[in-house]
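Trainee: With chain A's structure known, arrange chain B on it following the hints.
If you want the building blocks of each chain, they are given just below.
There are 2 protein chains.
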Amino acid sequence: MKRNVIVGQSGGPTAAINSSLAGVYRTAIDRGAGKVYGMLHGIQGLMEEKYLDLSDYIQTGLDVELLKRTPAAFLGSCRYKLPEIHQDKELYEKIFAILDKLDIEAFIYIGGNDSMDTIKKLSDYAIVTGHQTRFVGCPKTIDNDLALTDHTPGFGSAAKYIGTSMKEIIRDSFCLEYSKGLVTIVEIMGRNAGWLTGSAALSKCEDCNGPDMIYLPEVPFDLQDFKEKVKKLLTKKTSVVVAVSEGIRIADGRYVCELGNSVDFVDAFGHKQLSGTASYLASFIAGELGAKTRAIELSTLQRAGSHLASRVDILEAYQVGGAAVKAADEGDSGVMVTLERTSEDPYQCQTEVKNVHKIANDEKCVPREWITKDGTYVTEEFISYVTPLIQGDVSPVMVDGIPRHLYTPKELYQK
Amino acid sequence: MKRNVIVGQSGGPTAAINSSLAGVYRTAIDRGAGKVYGMLHGIQGLMEEKYLDLSDYIQTGLDVELLKRTPAAFLGSCRYKLPEIHQDKELYEKIFAILDKLDIEAFIYIGGNDSMDTIKKLSDYAIVTGHQTRFVGCPKTIDNDLALTDHTPGFGSAAKYIGTSMKEIIRDSFCLEYSKGLVTIVEIMGRNAGWLTGSAALSKCEDCNGPDMIYLPEVPFDLQDFKEKVKKLLTKKTSVVVAVSEGIRIADGRYVCELGNSVDFVDAFGHKQLSGTASYLASFIAGELGAKTRAIELSTLQRAGSHLASRVDILEAYQVGGAAVKAADEGDSGVMVTLERTSEDPYQCQTEVKNVHKIANDEKCVPREWITKDGTYVTEEFISYVTPLIQGDVSPVMVDGIPRHLYTPKELYQK
Numbered sequence: 000m001k002r003n004v005i006v007g008q009s010g011g012p013t014a015a016i017n018s019s020l021a022g023v024y025r026t027a028i029d030r031g032a033g034k035v036y037g038m039l040h041g042i043q044g045l046m047e048e049k050y051l052d053l054s055d056y057i058q059t060g061l062d063v064e065l066l067k068r069t070p071a072a073f074l075g076s077c078r079y080k081l082p083e084i085h086q087d088k089e090l091y092e093k094i095f096a097i098l099d100k101l102d103i104e105a106f107i108y109i110g111g112n113d114s115m116d117t118i119k120k121l122s123d124y125a126i127v128t129g130h131q132t133r134f135v136g137c138p139k140t141i142d143n144d145l146a147l148t149d150h151t152p153g154f155g156s157a158a159k160y161i162g163t164s165m166k167e168i169i170r171d172s173f174c175l176e177y178s179k180g181l182v183t184i185v186e187i188m189g190r191n192a193g194w195l196t197g198s199a200a201l202s203k204c205e206d207c208n209g210p211d212m213i214y215l216p217e218v219p220f221d222l223q224d225f226k227e228k229v230k231k232l233l234t235k236k237t238s239v240v241v242a243v244s245e246g247i248r249i250a251d252g253r254y255v256c257e258l259g260n261s262v263d264f265v266d267a268f269g270h271k272q273l274s275g276t277a278s279y280l281a282s283f284i285a286g287e288l289g290a291k292t293r294a295i296e297l298s299t300l301q302r303a304g305s306h307l308a309s310r311v312d313i314l315e316a317y318q319v320g321g322a323a324v325k326a327a328d329e330g331d332s333g334v335m336v337t338l339e340r341t342s343e344d345p346y347q348c349q350t351e352v353k354n355v356h357k358i359a360n361d362e363k364c365v366p367r368e369w370i371t372k373d374g375t376y377v378t379e380e381f382i383s384y385v386t387p388l389i390q391g392d393v394s395p396v397m398v399d400g401i402p403r404h405l406y407t408p409k410e411l412y413q414k
Numbered sequence: 000m001k002r003n004v005i006v007g008q009s010g011g012p013t014a015a016i017n018s019s020l021a022g023v024y025r026t027a028i029d030r031g032a033g034k035v036y037g038m039l040h041g042i043q044g045l046m047e048e049k050y051l052d053l054s055d056y057i058q059t060g061l062d063v064e065l066l067k068r069t070p071a072a073f074l075g076s077c078r079y080k081l082p083e084i085h086q087d088k089e090l091y092e093k094i095f096a097i098l099d100k101l102d103i104e105a106f107i108y109i110g111g112n113d114s115m116d117t118i119k120k121l122s123d124y125a126i127v128t129g130h131q132t133r134f135v136g137c138p139k140t141i142d143n144d145l146a147l148t149d150h151t152p153g154f155g156s157a158a159k160y161i162g163t164s165m166k167e168i169i170r171d172s173f174c175l176e177y178s179k180g181l182v183t184i185v186e187i188m189g190r191n192a193g194w195l196t197g198s199a200a201l202s203k204c205e206d207c208n209g210p211d212m213i214y215l216p217e218v219p220f221d222l223q224d225f226k227e228k229v230k231k232l233l234t235k236k237t238s239v240v241v242a243v244s245e246g247i248r249i250a251d252g253r254y255v256c257e258l259g260n261s262v263d264f265v266d267a268f269g270h271k272q273l274s275g276t277a278s279y280l281a282s283f284i285a286g287e288l289g290a291k292t293r294a295i296e297l298s299t300l301q302r303a304g305s306h307l308a309s310r311v312d313i314l315e316a317y318q319v320g321g322a323a324v325k326a327a328d329e330g331d332s333g334v335m336v337t338l339e340r341t342s343e344d345p346y347q348c349q350t351e352v353k354n355v356h357k358i359a360n361d362e363k364c365v366p367r368e369w370i371t372k373d374g375t376y377v378t379e380e381f382i383s384y385v386t387p388l389i390q391g392d393v394s395p396v397m398v399d400g401i402p403r404h405l406y407t408p409k410e411l412y413q414k
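Residue numbers (numbering that gives the first Met the number 0), protein chains in the order written: chain A, 0 to 414; chain B, 0 to 414.
Source of the hints: derived by calculation from the structure; they are not laboratory data. It is possible that some hints are incorrect.
[To be verified] Here are a few chain B residues that face chain A, going by a calculated C-beta distance under 10 Å:
id: 1; residue: Q223
id: 2; residue: T234
id: 3; residue: T237
Note that CB positions come from ideal geometry on N, CA and C, so glycine has one too.
Extracted from the complex, chain A is given alone in its bound form (with noise of 0.2 Å):
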């Protein structure tokens, strides 16, 4: 490379989106770029020149450590969404002249669906003026919806995360007896993809039996079934155990926790901020059979508990963030780095490039297959796919007894 390099993070943050972040720099600099800057929130930020030199936070190797294990989006994200070029020129105009100021050979974005259309259209735009900086997307999303790449940096921490934490759980509910029973609902994150929820069944071993039911968002959910099978399980065991996504619907497409009294929130994609379905199933059971219940919610935790991590998860979004640099230097643009799972057992895994316009705005979901029939479970094969994604640990550095993260920029939290 020769000349300099720019770098932002978008959508909901991970335990290892910075882990990209630090493979962007490192492979950056190895690379012979000039400077390698990152934006304030992402492309938001940029468009208000908004941006710093990443080599005033990094700068020893203990840092790019620090950085991997740093959970939630170091340079602060954004949910923005680029209009049509054809709706809005004057602002590709700004874009293009900032980063013609900032003399960027490289553009790279880390973050999911939303982010990739992003990359489609600048890169759309550079295409048509003939500019000469690249883009490449790199993926993040802990939910695991982007489209031809085997899994998405970040899904497999969120998901040791939640494997541990349900197993944690499941232990706990055991503790206390109640005369009519203990009814658990815990509430996992995903929209309209079940990954992370289905990866509750990763608690199940051989030293526990895992929830009683898994309930994915790829699954229309009935309420009389779900009491009646709480009632069934009830009949043979003191408590029960429930994993439900944030987005499951009932047949006629209402999300469940519409059906309690939740405020709605849309964000900037028009996505509805969802939660409350845990409590409103907890009610629910409690007025229906007399069951004692509880709602648990693993809300943020699940996305930024660093602390917890995947080795495998770590390893692979830096990598992906190195292959989205090395790429642009060879001159790709317009391509999102994908993983692609070249041996089942044992797992091994490389990194390719895919033309971004296979990727922007398509969700992966949970292959139906790989829910059991009954629409309750995950099959074997889920697990499969899941359990090497979870692999391996990345110690924290601890500092005091508290794991240690690098500096927060002082630009993200100040007004």
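Mentor: Frame of chain A; chain B shown alone:
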């Protein structure tokens, strides 16, 4: 020891309660006990002659290590308050007949305030009737609210989990920008004592500013003042993170969670089950200030998160278990093992035994002088007290990417 030992677990589970069980088991065996029985679901199970022989479950040194790393109560727990002796003499006769049948020399009960009441009553009955069984209490509670002991096993691991999770949440909260700011309310356990909530301050370190405010149940909560403080913070910061105890109350004594529409549940000890404090405050702030808000309950995870246990805590939990057996073997009864901090810097701690009559039903709260004048944070003294208790890690034994625990006794989950 010449005869048998029986051990039970009572009250809310913790990440360290099984380390105490391991300490009881190993020390009893090492001191020559015949059998070491475990009551299933504490005294409540024992009254129905539900118990197991621990040697069926703990067979190797590895089993001991797994037990130390197993969250929640391995033997099951209960929330049962013994009647006064004069109220139900027959019940006491029944319990002591079972102890005689099992040839019990020492009765060890691992629990909190309410469990020490059980030790007090049983040892009183033994004195009155000239019975030879010795009754020793072993402190346990994440709440750290037991009198006469410097701290309680279970607290350190929960505090470490809370400090770590809070740091991850704070990091996550900077990621996305909201025009009117983001306010995150994190709800932490501790009904009347703010030890756990105050531990949110452990996230404040060289790479993290910690939560903006911390509200303990020891200080009356003022909604309007809270709103004004959040409003002021939002003029300076993009994201405000507040830690609140589940048990904060307004001036007239009502719990904040009662101001919403959450359902009340009263347990066997007459304690109200609290939850919904964070979601009430999140709705309140959203309504009053128009900021984006989110409510996060650390819920069961904070007491069951054995994957992030404190080494100091797990070791001390093991030590108090062993010290309880030693005390009984040396003739003590009607006592609880306590932890005495013999040195501040370097931190050193040793076990002692104290009369359980001075402990039972007494609740140790955070001293008012360890809370800042305006009631919105803890002082340096608080931090200095807690920090030694979260030091060191206990590496989980990972199998297929998930922490391995000791097998759950079937009696706990099968009906």
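Trainee: Each hint should be assessed against the structure and marked as holding or not.
Mentor: Verification of the supplied hints:
no.: 1; hint: Q223; verdict: violated, 22 Å
no.: 2; hint: T234; verdict: holds, 7 Å
no.: 3; hint: T237; verdict: holds, 6 Å
The structure fails hint 1 only (numbered hints given earlier).
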